[in-house]
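S.K.: Protein chains in written order, with my numbering: chain A, 1 to 488; chain B, 1 to 488.
Honestly, the hints are just simulated from the structure, not real lab data.
Backbone N, C-alpha and C define an ideal beta-carbon position, used for all residues, glycine too.
Watch out, some of these pointers could steer you wrong.
Estimated spans, in silico, between C-beta atoms of each pair [unchecked claim]:
id	chain 1	residue 1	chain 2	residue 2	range
1	A	Pro200	B	Asp394	51 to 61 angstroms
2	A	Glu391	B	Cys83	31 to 41 angstroms
3	A	Pro112	B	Asn30	54 to 64 angstroms
4	A	Asp316	B	Asp76	41 to 51 angstroms
List of simulated lysine-lysine pairs, DSS-like, C-alpha gap at most 27 angstroms [unchecked claim]:
id	chain 1	residue 1	chain 2	residue 2
5	A	Lys264	B	Lys45
6	B	Lys264	A	Lys253
7	B	Lys482	A	Lys250
8	B	Lys35	B	Lys369
9	A	Lys369	A	Lys412
10	A	Lys482	B	Lys409
11	B	Lys369	A	Lys221
12	A	Lys293	B	Lys361
13	B	Lys29	A	Lys250
14	A	Lys221	B	Lys314
15	B	Lys81	A	Lys221
16	B	Lys482	A	Lys221
17	B	Lys293	A	Lys361
18	A	Lys314	B	Lys361
19	B	Lys397	B	Lys361
20	B	Lys483	A	Lys279
21	A	Lys419	A	Lys477
22	A	Lys81	B	Lys221
23	B	Lys221	A	Lys483
24	A	Lys361	A	Lys314
25	B	Lys221	A	Lys361
26	A	Lys293	B	Lys81
27	B	Lys69	A	Lys33
28	B	Lys221	A	Lys29
29	A	Lys35	A	Lys328
30	A	Lys81	B	Lys361
31	A	Lys279	B	Lys482
32	B	Lys328	B	Lys250
33	A	Lys250	B	Lys483
34	A	Lys221	B	Lys293
35	A	Lys328	B	Lys81
36	A	Lys81	A	Lys69
37	A	Lys482	B	Lys483
38	A	Lys314	A	Lys35
39	B	Lys279	B	Lys250
40	A	Lys482	B	Lys279
Listed here are the chains, written in short residue letters.
There are 2 protein chains.
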Amino acid sequence: MSKINLKNKRNMSMLMDFYELTMSNGYFKNGLKDKVVYFDVFFRKVPENGGFALMAGLEQVIEYIEGLKFDEDDIDYLRSKNCLDEEFLQYLSSFKFTGDIYAFEEGTPIFPNEPILTVKAPVIEAQLIETMILLTLNHQSLITTKSNRIVRAANGRGVMEFGARRSQGYDGAIYGARAAYIGGVIATATTLAGQVFGIPVSGTMAHSWVQLFEDEYTAFKTYAENYPDSSTFLVDTYSVLQSGVPNAIKVSKEVLEPMGCRLKGIRLDSGDMAYLSIKARKMLDEAGLTDCKIVASNSLDEYTITSLFNQGAKIDLFGVGERLVTSKAEPVFGGVYKLVAVENENMEPEARIKISENAEKVSNPGHKKVYRFFDKDSNKAICDVITLAHEVIDINKPYTIFDPVHIWKKKKLKNFYVKELQVPIFKNGEVVYTSPCLNDIRSYCLSQVNTLWEEVTRFENPHTFYVDLSKELWTLKDNMIKKYSNEE
Amino acid sequence: MSKINLKNKRNMSMLMDFYELTMSNGYFKNGLKDKVVYFDVFFRKVPENGGFALMAGLEQVIEYIEGLKFDEDDIDYLRSKNCLDEEFLQYLSSFKFTGDIYAFEEGTPIFPNEPILTVKAPVIEAQLIETMILLTLNHQSLITTKSNRIVRAANGRGVMEFGARRSQGYDGAIYGARAAYIGGVIATATTLAGQVFGIPVSGTMAHSWVQLFEDEYTAFKTYAENYPDSSTFLVDTYSVLQSGVPNAIKVSKEVLEPMGCRLKGIRLDSGDMAYLSIKARKMLDEAGLTDCKIVASNSLDEYTITSLFNQGAKIDLFGVGERLVTSKAEPVFGGVYKLVAVENENMEPEARIKISENAEKVSNPGHKKVYRFFDKDSNKAICDVITLAHEVIDINKPYTIFDPVHIWKKKKLKNFYVKELQVPIFKNGEVVYTSPCLNDIRSYCLSQVNTLWEEVTRFENPHTFYVDLSKELWTLKDNMIKKYSNEE
């Protein structure tokens with residue numbers, strides 16, 4: 001595996017917004033190179049008005065930061081822009097990340113305004129890695145979140161990821177398959193994702209196979225002879241009910257059954273899936289093929305899958321393409337990277353805030369951490385509380401949470417345990433975290449989704465999971481807003 | 001440039017749907033390896049109900065096919081799937097594409113159902129390259145089409161691509177910037193895209209720069225001292241009108257003007273852009289900074305830009321991010337790859353068709369080409385006609401086009417010249433086409449969009465550009481549909 005990973009590893013050091021460089025050059029010239037700062041990654045809104053999102057992409061963030069390096073070509077290119085100083089370019093040529101990173105583990109349910117990743121580093125280092133951290137987490141968190149929605153809609157039936165041909169670039173397919181797998185799909189059609197990440201791959205035939213032979217019967221027959229143990233026929237090249245299903249049954253009887261094999265499945269890729277699957281199921285059952293699965297694969301997502309079930313569709317497996325791999329209904333995960341603190345002379349984080357004209361864009365200041373509260377009896381997640389980094393939650397005492405906007409809304413929590421959601425990833429530039437294998441990340445993800453109440457996971461008007469601020473953090477923020485507001 | 005390209009070149013041979021391999025293994029076992037077939041790439045619907053789309057990604061398709069190669073690791077991985085034959089794996093290990101490819105040039109306006117790329121090759125070769133061809137063309141054509149929409153809405157004001165952090169994977173950012181540039185943006189923020197493709201890069205400061213200094217004034221002052229010739233200040237960290245713009249003006253007076261420099265611009269990234277830009281413009285003008293540009297950059301696209309102009313916004317430059325780089329409003333370009341002909345014993349293409357339950361999914365059969373008709377006087381595009389490959393249009397005679405559905409709707413064309421849109425890309429496995437440099441592709445694209453009538457390019461209910469079939473092609477298709485339809 002590592003060999004294959006290496007083959008596909010690219011140095012992404014230059015994948016950054018150019019302003020990271022103009023700013024860093026400025027920091028460098030103004031003696032701020034060693035100024036230690038804190039940046040948080042957080043997002044503001046769950047895609048598709050869902051109740052939660054899922055963290056993914058951390059493993060690739062780690063790989064990127066470990067491999068960060070500007071080679072001679074890079075420096076030459078930057079020099080050619082004629083706006084960066086030679087001393088800064090020299091500094092870049094021996095650049096190495098030396099800071100700390102804390103982050104939520106992959107597969108963790110995440111909510112708006114939580115610091116899902118925090119960087120503490122000298123300002124240039126922290127600034128230069130902004131674009132890649134956001135790009136990586138935004139992309140994979142988006143797809144994992146979407147995948148899990150579709151998987152939950154499928155309600156125990158398997159979902160396969162089929163989207164490579166419609167994905168937004170090669171990495172959209174490769175890392176999209178990885179993210180989809182974390183979210184719960186059982187397989188991908190993308191061979192390279194299978195090779196690199198060990199995801200199960202699946203695939204049988206396209207319309208071209210059927211068209212290449214003189215007729216549909218011969219096409220199915222030939223496939224059955226070649227793959228007697230894994231035949232799934234695509235039955236909609238000509239007419240599903242008049243030719244596709246009858247030919248599939250005929251080949252099952254004439255080719256597979258005499259060999260002691262069973263027809264594994266038929267696949268519908270167009271037309272009215274509810275009507276066709278019900279009719280096809282009946283035909284298959286009447287022919288004794290009750291164990292033959294029906295696979296559906298035409299522009300599916302959680303909405304169409306739910307609708308198909310409501311119509312009584314007889315579908316056992318879903319192949320989901322473009323709407324999963326691009327998160328078509330909402331293709332952007334809006335994670336941002338904001339400066340929240342600057343280290344003072346005593347090496348303590350001094351909080352910073354971004355006010356903005358849009359109230360919801362006001363950031364949570366300071367170096368923070370996040371505690372997830374779980375109910376001791378049910379093991380269900382109760383709420384998250386964002387605190388300043390030095391705060392410790394005493395699980396032996398009741399803990400009062402309050403709404404950060406309507407502060408009179410309070411609730412006293414008892415009988416809980418807590419989990420710190422940020423774990424150390426880098427310490428002084430060295431990785432101190434080992435990413436679990438992909439199957440473990442996937443299992444962790446599915447188990448963590450199960451800690452959420454159904455009210456939070458439903459698609460329609462989900463209950464808002466509480467993400468509150470500790471009293472100390474709330475007070476700090478309130479004071480800073482007042483300081484910058486117009487009244488003063 | 002080539003050195004840099006090489007550095008970033010990856011072998012994408014394994015990026016394919018697994019069914020390409022199961023089918024190819026089947027073709028191999030059944031002696032169909034050398035069967036020559038024809039596949040067309042076409043799409044069915046212009047994104048966002050636009051009047052046209054734009055072709056992009058061909059250069060990357062060429063690079064991919066030239067580099068196609070399965071190495072030992074790849075073969076080992078495929079062997080481990082336990083469903084492909086050893087002879088086939090041996091064949092793959094010395095695989096080379098030997099076929100022909102014809103395609104529309106990058107930057108060409110494209111319309112539904114046209115074969116924008118045609119592959120003629122032995123069936124295994126043609127099958128294995130399906131996923132990558134679709135992925136590449138779908139992604140870049142989507143983004144070029146979107147970019148051009150935004151650029152047209154900006155109506156002569158410059159548009160810069162700022163989307164890397166929200167793009168779907170690394171290639172979403174890199175090739176997204178390339179595609180956006182073809183569509184007409186003037187610059188990208190993505191440094192790597194500048195390095196690899198020579199696209200102009202731009203960038204000045206983020207909120208973190210402003211936050212790092214003790215106050216906004218000091219932040220602007222420091223930036224101005226470092227970059228006196230290229231200062232654009234981000235003015236919304238605290239309050240645009242009460243602090244951002246006043247501080248920008250102050251720094252212009254106190255720092256830039258004494259050095260003989262001018263304030264280049266201010267950037268708005270939140271709030272009511274129409275209101276703020278009008279107020280800011282007034283403040284800048286009253287301070288004598290009439291040449292200071294106002295840049296806007298908060299969740300923009302062609303719709304918000306049009307609306308801003310309608311509200312009288314005073315914006316000179318747009319920075320467009322997530323809605324461009326993901327084509328947020330419609331993030332999928334639905335190009336498909338369909339078998340249209342199989343070579344017979346006389347080495348002639350014998351047409352194939354895919355019927356499907358959905359009428360609009362019935363493909364155009366046979367080996368075809370596409371002629372674009374231009375009016376001799378205005379040089380405007382009149383229509384496209386898809387013909388069989390052997391057909392020649394005599395430009396000295398009137399040519400009658402007819403609607404493929406309502407065939408009584410006819411039109412006789414005179415005073416025209418034609419352009420064949422498919423050009424040879426590969427011949428017998430060798431590249432016979434040289435991709436123009438990116439700037440030339442971009443110029444070609446913008447000039448070709450100008451050949452379309454305004455009725456076709458408008459956003460609301462654009463006129464449908466005629467894409468007709470020649471009489472011979474229409475008759476062939478009609479006969480094939482009848483053959484497969486239920487009546488027979």
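S.K.: If a hint holds in the structure, say so; if it doesn't, say that too.
M.R.: Against the structure, the hints:
no., hint, verdict
1, A:Pro200 with B:Asp394: 51 to 61 angstroms, "holds, 57 angstroms"
2, A:Glu391 with B:Cys83: 31 to 41 angstroms, "violated, 56 angstroms"
3, A:Pro112 with B:Asn30: 54 to 64 angstroms, "holds, 56 angstroms"
4, A:Asp316 with B:Asp76: 41 to 51 angstroms, "violated, 32 angstroms"
5, A:Lys264 with B:Lys45, "violated, 34 angstroms"
6, B:Lys264 with A:Lys253, "violated, 77 angstroms"
7, B:Lys482 with A:Lys250, "holds, 25 angstroms"
8, B:Lys35 with B:Lys369, "holds, 22 angstroms"
9, A:Lys369 with A:Lys412, "holds, 20 angstroms"
10, A:Lys482 with B:Lys409, "violated, 70 angstroms"
11, B:Lys369 with A:Lys221, "violated, 34 angstroms"
12, A:Lys293 with B:Lys361, "holds, 25 angstroms"
13, B:Lys29 with A:Lys250, "holds, 22 angstroms"
14, A:Lys221 with B:Lys314, "violated, 68 angstroms"
15, B:Lys81 with A:Lys221, "holds, 22 angstroms"
16, B:Lys482 with A:Lys221, "holds, 25 angstroms"
17, B:Lys293 with A:Lys361, "holds, 25 angstroms"
18, A:Lys314 with B:Lys361, "holds, 24 angstroms"
19, B:Lys397 with B:Lys361, "violated, 34 angstroms"
20, B:Lys483 with A:Lys279, "holds, 24 angstroms"
21, A:Lys419 with A:Lys477, "holds, 24 angstroms"
22, A:Lys81 with B:Lys221, "holds, 22 angstroms"
23, B:Lys221 with A:Lys483, "holds, 22 angstroms"
24, A:Lys361 with A:Lys314, "violated, 46 angstroms"
25, B:Lys221 with A:Lys361, "holds, 25 angstroms"
26, A:Lys293 with B:Lys81, "holds, 22 angstroms"
27, B:Lys69 with A:Lys33, "violated, 46 angstroms"
28, B:Lys221 with A:Lys29, "holds, 13 angstroms"
29, A:Lys35 with A:Lys328, "violated, 41 angstroms"
30, A:Lys81 with B:Lys361, "violated, 49 angstroms"
31, A:Lys279 with B:Lys482, "holds, 25 angstroms"
32, B:Lys328 with B:Lys250, "violated, 39 angstroms"
33, A:Lys250 with B:Lys483, "holds, 22 angstroms"
34, A:Lys221 with B:Lys293, "violated, 69 angstroms"
35, A:Lys328 with B:Lys81, "violated, 31 angstroms"
36, A:Lys81 with A:Lys69, "holds, 19 angstroms"
37, A:Lys482 with B:Lys483, "violated, 77 angstroms"
38, A:Lys314 with A:Lys35, "violated, 62 angstroms"
39, B:Lys279 with B:Lys250, "holds, 17 angstroms"
40, A:Lys482 with B:Lys279, "holds, 25 angstroms"
Violation of the numbered hints given earlier is confined to hints 2, 4, 5, 6, 10, 11, 14, 19, 24, 27, 29, 30, 32, 34, 35, 37, 38; the remaining hints are satisfied by the structure.
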